[in-house]
Amino acid sequence: ETGVTQTPRHLVMGMTNKKSLKCEQHLGHNAMYWYKQSAKKPLELMFVYSLEERVENNSVPSRFSPECPNSSHLFLHLHTLQPEDSALYLCASSQNPGLAGVAQFFGPGTRLTVL
Amino acid sequence: ELKVEQNPLFLSMQEGKNYTIYCNYSTTSDRLYWYRQDPGKSLESLFVLLSNGAVKQEGRLMASLDTKARLSTLHITAAVHDLSATYFCAVVLKNYGGSQGNLIFGKGTKLSVKP
Chain A
1 ETGVTQTPRH LVMGMTNKKS LKCEQHLGHN AMYWYKQSAK KPLELMFVYS
51 LEERVENNSV PSRFSPECPN SSHLFLHLHT LQPEDSALYL CASSQNPGLA
101 GVAQFFGPGT RLTVL
Chain B
1 ELKVEQNPLF LSMQEGKNYT IYCNYSTTSD RLYWYRQDPG KSLESLFVLL
51 SNGAVKQEGR LMASLDTKAR LSTLHITAAV HDLSATYFCA VVLKNYGGSQ
101 GNLIFGKGTK LSVKP
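Protein chains in written order, with my numbering: chain A, 1 to 115; chain B, 1 to 115.
What the hints contain is simulated information worked out from the structure, not anything from laboratory work.
If you're wondering where the values come from, they're calculated on a predicted model, not measured in any experiment.
Keep in mind that a hint or two might mislead.
Claimed, not checked - Examples of chain B residues toward chain A, derived with CB under 8 Å: (1) Ser42; (2) Leu43; (3) Phe88; (4) Leu103; (5) Gly106; (6) Lys110.
Said to hold, decoys possible - Simulated crosslink set (DSSO-like; lysine-lysine; CA at most 27 Å straight-line): (7) B:Lys110 to B:Lys17; (8) A:Lys40 to B:Lys114; (9) A:Lys41 to B:Lys110; (10) B:Lys3 to B:Lys114; (11) A:Lys40 to B:Lys41; (12) B:Lys3 to A:Lys41; (13) A:Lys41 to B:Lys107; (14) B:Lys68 to B:Lys3; (15) B:Lys41 to B:Lys56; (16) A:Lys19 to B:Lys41; (17) A:Lys22 to B:Lys17; (18) B:Lys114 to B:Lys56; (19) A:Lys41 to A:Lys19; (20) A:Lys36 to B:Lys107; (21) B:Lys41 to A:Lys18; (22) A:Lys36 to A:Lys19.
Beta carbons are placed, not taken as given, at the ideal position from N, Cα and C, and that holds for glycine.
Pulled out of the complex, with its shape left as it was, chain A reads as follows (with noise of 0.2 Å):
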């Protein structure tokens, strides 16, 4: 398999559920990122991790819990969400973000929602 796979591809679960999602990126990138993407609302960083290390959580509630085990796997562990939370959420890779001309490779997304 090949560039970035997201699991699973939708997924419905109800206000106290737990559930995970799964990125993983065959591209030998360093770096990974979670975006949260709403139908009336621009693409939305939420996390980005930086050779395994958080390096960025932009504001992003506590039900939304980011885990990186390693460079090639990222997770993003769900709780008592809201129905408000309802979207697609897209997980990315890069090389070294600081680098100028580094481009973003994003997998299909998972489509989530929330009753």
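Let chain A serve as the given structure and place chain B on it in line with the hints.
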């Protein structure tokens, strides 16, 4: 706070016609990206623009950057149906440390090319 505005947000055009999508941003930045997203698919990197006056072309798409005006354009020449997609521009927001390049996205321009 860095804001990125695209216009138009929706664009319906006929095959064979030319058109330009605009991306304005509110503070200085040293990198601008254009991405394409097909319905139900992930984001695909199109261009990375790094300096004032940068121009890049790929097929029927040409992107340019004017850092003084804080403006990037994506010009479409002789549109074809396959170009129908949503196009996003994204600008790097440097953390105060300058070591991270977080992307701030515009809302996207949904392009529909009709025969």
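Hint check against the structure, violated hint numbers in rising order: 6, 10 and 17
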